[in-house]
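**Student:** Spelled out, the chains give:
Number of protein chains: 4
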Amino acid sequence: MKRIRGVVPPMVTPLLDNDHLDVPGLERLVEHILAGGVHGLFLLGTTGEAPDLPYELRRELVRRTSQLVAGRVPILVGVTDTVFTESLKMAACAQECGAAGLVAAPPYYFAAGQPELIDYYTRLADRVPLPLYLYNMPSQVKVMISVPTVIELAKHPNIVGLKDSSGNIGYFNACRYQLRNRDDFAILMGPEEAMGEAVLMGADGGVAGGANLFPKMFVDLYDAAVAKDVDRVRALQERVMRVSSLIYGIGHHNSSFVKGVKCALSLMGVCSDVLAAPREPFNAADRELVRSRLVELGAL
Amino acid sequence: MKRIRGVVPPMVTPLLDNDHLDVPGLERLVEHILAGGVHGLFLLGTTGEAPDLPYELRRELVRRTSQLVAGRVPILVGVTDTVFTESLKMAACAQECGAAGLVAAPPYYFAAGQPELIDYYTRLADRVPLPLYLYNMPSQVKVMISVPTVIELAKHPNIVGLKDSSGNIGYFNACRYQLRNRDDFAILMGPEEAMGEAVLMGADGGVAGGANLFPKMFVDLYDAAVAKDVDRVRALQERVMRVSSLIYGIGHHNSSFVKGVKCALSLMGVCSDVLAAPREPFNAADRELVRSRLVELGAL
Amino acid sequence: MKRIRGVVPPMVTPLLDNDHLDVPGLERLVEHILAGGVHGLFLLGTTGEAPDLPYELRRELVRRTSQLVAGRVPILVGVTDTVFTESLKMAACAQECGAAGLVAAPPYYFAAGQPELIDYYTRLADRVPLPLYLYNMPSQVKVMISVPTVIELAKHPNIVGLKDSSGNIGYFNACRYQLRNRDDFAILMGPEEAMGEAVLMGADGGVAGGANLFPKMFVDLYDAAVAKDVDRVRALQERVMRVSSLIYGIGHHNSSFVKGVKCALSLMGVCSDVLAAPREPFNAADRELVRSRLVELGAL
Amino acid sequence: MKRIRGVVPPMVTPLLDNDHLDVPGLERLVEHILAGGVHGLFLLGTTGEAPDLPYELRRELVRRTSQLVAGRVPILVGVTDTVFTESLKMAACAQECGAAGLVAAPPYYFAAGQPELIDYYTRLADRVPLPLYLYNMPSQVKVMISVPTVIELAKHPNIVGLKDSSGNIGYFNACRYQLRNRDDFAILMGPEEAMGEAVLMGADGGVAGGANLFPKMFVDLYDAAVAKDVDRVRALQERVMRVSSLIYGIGHHNSSFVKGVKCALSLMGVCSDVLAAPREPFNAADRELVRSRLVELGAL
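Residue numbers (my numbering), protein chains in the order written: chain W, -19 to 280; chain L, -19 to 280; chain C, -19 to 280; chain A, -19 to 280.
So that you can see chain W by itself, here it is in the shape it has in the complex:
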């Protein structure tokens, strides 16, 4: 059985400042997302700005979110780290808080070779107390978890899925094809711009950052894809593309996605738009642009 299916939003981390959670914002955010009917919640991923957050704050986030979710959906916790021991510590914290699984991208300072990745994930999966998901994220970690490496690692009893954020459709489909008979291994699409078609073709779900904003839209999209309702998938995916084109491309640099989502959440009254240092929230002009586009989308 797949450990997870459906829409698993990579939750943003509401911050008051660089070292403090926005606790009331977190409470509203969790309820906002869960109200959409999502199937899980992924904490401390790239959208969650995990690598830039102090460790104590990461642990507080896991503890508080687990209490807020209170078992309504399974929680996955990112343990990606350059320090192996810190990954283990975060995994222990996740287990204590009742998380359902762990997610790890490759170490991201030294780019590992494929044999090193096999060693790394094997060691990690051997030692952590929860099921582990591979997280392919080459734009940040400089290396793909190659298809043969995924196939090899999928044999490990504690490695139960793959989240692919490469956006490389040939790679994603090759992984899905090679593991098509593995009913116990979940394959999740990262980029929300491809979630509909991925599930139509047999993927198990998506880790859609936009589900922080519009969780029900993604749940509807997932349901339509599972039902093989192509027309409805097209229509809903078009709405996803509209949000993507209006909200995620404001500003410059590769932080525009997280900035856009946090700014929109702030304008929608959900949580703060503070980002982990050194990144700054949108300036007034960009914020106003997000506001006008949320109005255009009917979200304000």
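Do not rely on the hints blindly, as some may be mistaken.
Unchecked claim - Okay, the calculated beta carbon distance ranges per label pair:
1. L:17 - C:128: 55 to 65 Å
2. L:128 - W:17: 33 to 43 Å
3. A:106 - L:264: 16 to 26 Å
4. W:236 - C:222: 46 to 56 Å
5. A:225 - L:248: 51 to 61 Å
6. W:119 - C:268: 32 to 42 Å
7. A:278 - L:131: 44 to 54 Å
8. A:278 - C:43: 31 to 41 Å
9. C:265 - W:107: 36 to 46 Å
10. L:76 - W:236: 31 to 41 Å
Note that these hints are calculated values from the structure, not bench results.
Don't be surprised by glycine CBs; every beta carbon is placed ideally from N, CA and C.
Since the structure of chain W is provided, determine the placement of chains L, C and A on it from the hints.
**Tutor:** This is chains L, C and A only, laid out in the frame that chain W set:
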């Protein structure tokens, strides 16, 4: 109206040696592909090894193929070049031979900036006598034709489509979304590993290299996708993935796709497996491996 | 006045296992390096595997090394981190231990744009209690600190130098040229393969990883370059190239440099060759190869 | 004996328009460069925009330049091409015109693997009638000619040197070190920003684009480096850096170097600033900026 739809195989170029066409092989190849019911034929693309072929051979290929096809399907001719004048000359040759359109990737020695790409394609589209398709191929030309650049260029009356071979699904879907109301602009998926889902979601077709080998399989896949028959798309796309995993990954370096296709065509008795210099056909061991896999696929 | 000049070895971190220092090895290593007459010591850089080390171990390393060095040479401490607060904590630890300066590469998960780098380094330099050196390391952090950004940041009163490990000679020389009149800003060459010529041309020194093994060779090279003794620089740089070609290219992946240095130190009886997880020391065959080459170099 | 030593300017190609040489400009340019005392002339390199020039124009350039030079210095001719036969044809043209050698970067559409590079250069060196220089240019051709590949190819009797334009100082020095005993193999530095130190350390010369503008400055720099006059090398290299910082960084995209050089030559009355399509000369504002900087340099 779209100028082209459906399966448009990027034809390999059958060679006797570096400077001579395998003319009988070309005749068999054209009939082999057309027998599959494809909707067009794309000459002198990356699969056709165009940049490595002598110019006279390129022109002979266009002339001979046009005569062989004899109007049964529209022909697109690649005019990608670093030399602007050579692109114009190849375009004139294509027109003389009755081609339906031209395809151009960005110049590939100096990586152009986006404003330069707008200038380049505008100049080219102004001067060529046939409709022009943009060809996004960042792995070879070092630059993406960005989404805003595509949107801008799509306004040109003589630019009628985009072939995207980036494999970047977010990019492909953004282009498709932005141009969704342009009934006169075709968007074609490059990687065959994503053709089924692309057409299911509304793309106009695919430029599937594997259609050199198994044209009908791709035509069936296209038809199933147009009919929104998800189960059949899944089954046929799975067959495409099987071919891909068995035939395209033998050998090393980034020529394994063309080598695999040409070797398989040679084993199937269609045409020679000679490659343009400096590349060599598979050695005996790799050739034997391709043979055994074609047997496994029921193609021998 | 330059805060630092000369040979500043980026010290490897002797480990017993992933979480424990090799304390006797550290003692021998410090004495081995200082006996060569080096001008400073750089802890917790890339050669020191800093991003892969547990924080408590990093702090213990700084404390112990400071005690061992006991003021004989200035110590620079790497504070590169994705977590801003952790950089500040490490900076405080460095100050407490009497370090002379701090070194920071850009945050390495999210690739920063140049304006973000200016913000980042300005914030960091504003808050840390010791002079700060910029550390250009694009292969690991995915972004160059551009020449204009270096020029801008060099105006900050607490930013006192640049260590460039890009290996890009045009970049290095452009930085040196632009800051040629800044007697208070040090420019240090990373790759030891270019240290001699860099100092000949006016650079302030080098952060030579090989100085863990052969510190006096690099001090001699530096002295010869300061003395503008071209023949001696050539001869000594040739010895550096010999070590580089014999010791650093064994094994695969981009860890071969650190593995080679640690293996050689182990064979020379200085310290352990354990690497931070997930990396493993050389296997027996590679270790034997290092041994034979150390014999060839007269180092065993 | 080295086939070539010293300053070998990569000559720009003076153009009237995309298909026609600026013949009077070419005459003035050749005399301008030769008056500086350079040791050779390199036609049809990257600075010469070779890949963007029509073949007939390339041949005319070689013929006319050979006649103008009339044996005063050896001429090297670039034969870099994606089409093997075109490389051979250009080589034959070079021989007919009395050229001294050929220069070839790897084919630049399909990125070759290292074994393919060995095959490619071996075939080419076997067939061309003149000595061949390897041209390492990864920014344009997407692949380094690796150090082991250079070592292997240097054994070929007709491969007589390496021009390295990577700017990677570790690579350059590794090649120079490995081939230090090969008195018959020339190693030439591409980036002029590193020519002084390269020759000081034992390299055979430089292919300095700026020598189109200020040939004598580079000849003086070369002479000072050969004489091991470090102070003079520093002073002259500083002048090179000044030109580089003032003239080569205007405008955007990676064509700013060629645009700057051609614009300056035009302002100095030497030749036209027309660039091969699709690139345009500087606009009026950028041209005015170049003018003011040439005044600042005392060149106008």
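**Student:** Each of the hints needs a verdict: does it hold here or not?
**Tutor:** We went through each hint and held it up to the structure:
no.	hint	result
1	L:17 - C:128: 55 to 65 Å	holds, 58 Å
2	L:128 - W:17: 33 to 43 Å	holds, 35 Å
3	A:106 - L:264: 16 to 26 Å	holds, 24 Å
4	W:236 - C:222: 46 to 56 Å	holds, 49 Å
5	A:225 - L:248: 51 to 61 Å	holds, 60 Å
6	W:119 - C:268: 32 to 42 Å	holds, 39 Å
7	A:278 - L:131: 44 to 54 Å	holds, 47 Å
8	A:278 - C:43: 31 to 41 Å	violated, 57 Å
9	C:265 - W:107: 36 to 46 Å	violated, 28 Å
10	L:76 - W:236: 31 to 41 Å	violated, 48 Å
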